Every structure is written in C-alpha cells, then in structure tokens.
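S.K.: Sequence:
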Amino acid sequence: MKFAIDAFGGDNAPEAVIRGSIDAMQLNDDFSIIFTGDESAIYALLNNYDYDKSRVEVVHAPDIITCEDQPTLAVRRKKESSIVKALHLVADGKADCFISAGSTGAVLAGATLIVHRIPGVKRPALAPVLPTLKGPMMLIDCGANADCTPEYLLQFAYMGSAYMSGVLGLERPRVGLINNGTEEGKGNALTKEAYSLLKAAKGINFVGNCEARELMSGDYDVIVCDGFVGNAVLKTLEGAVASIMTMLKTEIKSSKRASVGAMLSKNAFKALKTRMDYTEYGGAPLLGINGGIIKAHGSSDERAICSAIGQARKLVLGNVTNTISGLISRETDPQAGK
Numbered sequence: 021m022k023f024a025i026d027a028f029g030g031d032n033a034p035e036a037v038i039r040g041s042i043d044a045m046q047l048n049d050d051f052s053i054i055f056t057g058d059e060s061a062i063y064a065l066l067n068n069y070d071y072d073k074s075r076v077e078v079v080h081a082p083d084i085i086t087c088e089d090q091p092t093l094a095v096r097r098k099k100e101s102s103i104v105k106a107l108h109l110v111a112d113g114k115a116d117c118f119i120s121a122g123s124t125g126a127v128l129a130g131a132t133l134i135v136h137r138i139p140g141v142k143r144p145a146l147a148p149v150l151p152t153l154k155g156p157m158m159l160i161d162c163g164a165n166a167d168c169t170p171e172y173l174l175q176f177a178y179m180g181s182a183y184m185s186g187v188l189g190l191e192r193p194r195v196g197l198i199n200n201g202t203e204e205g206k207g208n209a210l211t212k213e214a215y216s217l218l219k220a221a222k223g224i225n226f227v228g229n230c231e232a233r234e235l236m237s238g239d240y241d242v243i244v245c246d247g248f249v250g251n252a253v254l255k256t257l258e259g260a261v262a263s264i265m266t267m268l269k270t271e272i273k274s275s276k277r278a279s280v281g282a283m284l285s286k287n288a289f290k291a292l293k294t295r296m297d298y299t300e301y302g303g304a305p306l307l308g309i310n311g312g313i314i315k316a317h318g319s320s321d322e323r324a325i326c327s328a329i330g331q332a333r334k335l336v337l338g339n340v341t342n343t344i345s346g347l348i349s350r351e352t353d354p355q356a357g358k
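Going by the working numbering, the sequence shown opens with residue 21, and the numbers climb by one from there.
Okay, the calculated beta carbon distance ranges per label pair:
hint: 1; residue 1: Gly201; residue 2: Ile272; range: 32 to 42 angstroms
hint: 2; residue 1: Leu93; residue 2: Asn67; range: 30 to 40 angstroms
hint: 3; residue 1: Phe248; residue 2: Lys222; range: 26 to 36 angstroms
Here are the simulated SDA-like cross-link-like pairs (lysine to any residue), alpha carbons at most 20 angstroms apart as the crow flies:
hint: 4; residue 1: Lys269; residue 2: Glu258
hint: 5; residue 1: Lys219; residue 2: Arg350
hint: 6; residue 1: Lys154; residue 2: Gly238
Because the hints were derived from the structure by calculation, they are not lab data. Computed from a prediction, not measured in an experiment: that's the story for all the values here. Note that beta-carbon positions come from the ideal geometry of N, C-alpha and C, so glycine has one too.
Full structure from sequences and hints, please.
M.R.: In structure tokens, the structure reads:
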C-alpha cells in the first residue's frame with residue numbers, strides 16, 4: 021500500500037504531519053508514504069527521525085492551497101500545490117489513498133475533479149466516524165452536499181454501510197435517517213421520500229428514522245442526512261462537548277470537596293476524554309470517490325495524523341472503494357452481479 025500525504029495541509033503542518041506519519045510507520049510495516057510539499061522543508065524535518073527510508077518518497081509541490089482560496093478555482097490554477105499533486109498520485113494509480121488536514125473545500129473539489137467519482141455515484145459524501153454510548157457511528161453526509169435528493173441519501177446509506185462493514189467489521193450495519201420523529205410519516209418531502217427508498221432497498225439494514233436526541237445512543241451504525249443537516253449536527257456536538265468540559269472544569273475548581281472528588285475520579289475523566297477525542301478517530305473518509313480519501317481535522321496534531329493513516333490503511337485493506345462500486349452498480353442495475 022502507498023499513501024499520498026499532503027505534508028503542508030493543516031494548522032500544525034508540516035511538523036505534525038511528518039511526525040504523525042513516522043509514528044504510523046512504526047505501528048505497521050505494510051505501507052509506504054509519498055509526501056507532497058516543499059521538498060527541502062520535508063527532508064529537513066525527516067532528518068530529525070530514524071525511519072526506513074525505503075518506505076518514504078517526496079514529490080516536490082511548492083504551492084499551497086489555503087482556506088482563503090476559492091476551492092475549485094485553486095484546484096484548477098494551483099497545479100503545483102501539495103493537495104493537487106497528491107490527488108494526481110491517487111488518480112494515476114501511484115497511491116492507494118490520499119490524506120490531508122488542509123482545506124476541506126479543496127479536498128472535496130480536487131477529489132471530484134482529479135480522482136473522479138465511482139461510476140454510478142451521484143455525489144461523494146463526507147462521513148466522519150463518531151463515538152457513541154455503544155461504539156462508533158458514521159454520520160453521512162457532513163458537508164459535501166448541502167442540497168440533496170432522496171436518491172443521494174439512498175446512496176449515502178450504501179456507502180456508509182460498505183465502510184462500516186469493511187473497516188469496522190460490522191456484518192449488517194444499522195442505518196438510520198435523521199428526522200424530526202421516529203414515525204414513518206414524519207419529516208419533510210426529502211426525508212419522507214428517502215425513507216421509502218431506504219425501506220425498499222435491498223442490501224441495507226434500514227432500521228427507521230432517528231431523532232437527533234438518539235444520535236449518540238449507539239443504536240445506529242450509520243446515520244444518513246443531507247450535508248447541511250449533518251454539518252450542523254457535527255458542529256453542535258463539537259460545541260456541546262467543549263461546553264460540557266468547560267463547565268465540568270469550572271465546577272471542579274469551585275470547592276475543595278469537588279477537587280478531591282475529581283482527583284478520585286481522575287482515571288474515569290481521562291478515559292472519557294480519550295473516548296471523546298477526535299484525534300483517536302483520525303479523519304473523515306470522503307466516500308464515493310474512485311480512490312481512498314481521508315480528510316483529517318484542520319487542527320490535527322501528530323496523534324490525529326497517525327490515526328488518520330491507520331484509518332486509511334483499514335479503508336484500503338477493507339476494500340471499501342470496490343465494495344461501494346459493486347453496491348452502487350447493483351442499485352442502478354439490479355441485474356448486475358447476478
């Protein structure tokens with residue numbers, strides 16, 4: 021396996037990207053890395069580490085796409101950027117997966133324009149995996165498509181199921197549809213029609229509507245929604261967790277008794293923090309693209325980059341792209357695969 025890594029994507033690049041990549045290489049020896057970015061800067065950082073040089077290549081990319089750039093325009097114009105160069109490696113079959121903590125818009129636009137969608141896929145979807153009370157859950161879509169049709173949501177369900185089966189080993193992932201009630205007739209025109217399609221679809225374990233308060237229950241493995249709703253849900257969860265942690269710290273400092281109680285519960289708090297930490301989950305796969313794409317959080321540190329590479333490894337080993345291709349092919353042509 022080979023992974024094309026945008027060395028200059030993210031708030032902590034390139035240092036965190038290089039360090040996290042070296043850490044990932046020490047955990048598994050079945051992949052190699054191709055860094056894209058300023059060659060001299062990358063080698064200067066690599067010289068600080070002891071690593072297997074046969075597993076690392078560098079492709080010089082002097083330009084950077086920033087979050088201030090217009091994504092599609094930047095992808096077309098900045099052909100020497102680290103994102104564009106890395107995506108071409110995937111498109112040309114020289115790398116199995118692309119990983120970046122850079123501009124989300126540029127990654128989405130570049131993946132679609134350069135690597136292209138899997139034949140039959142109407143829209144790719146950004147799909148982070150989140151912790152719940154009972155285990156990981158995928159939220160799809162989280163921002164790639166603000167406006168969706170019922171057919172898009174159906175395909176999101178297929179793609180999310182393929183990922184959760186291939187990467188996490190779930191035999192029949194439970195698929196839920198975000199809605200304002202659990203009853204079949206609830207929702208707007210989009211969710212009502214999407215419900216009918218999901219209910220009738222073969223190869224999907226659709227378990228019905230999911231109210232927002234049940235998102236973290238652990239009763240669903242894949243939660244389907246349009247990108248506008250998904251992004252709002254994701255940002256709400258991030259803000260809620262941050263607020264709760266801040267309130268908890270304030271209460272702990274409010275009295276000696278609370279401080280003593282916190283000390284006694286130190287291990288439990290540490291375990292909770294780890295469980296809720298995005299760095300443990302790596303990044304969000306962009307599903308529906310004809311090659312592996314992992315979008316890491318913009319503020320990723322070396323731990324998050326290391327996790328994102330581990331996620332890319334599981335995505336490739338799980339044969340997710342080919343599985344999605346087969347599912348979409350059968351969805352659009354019921355005679356396919358017979």
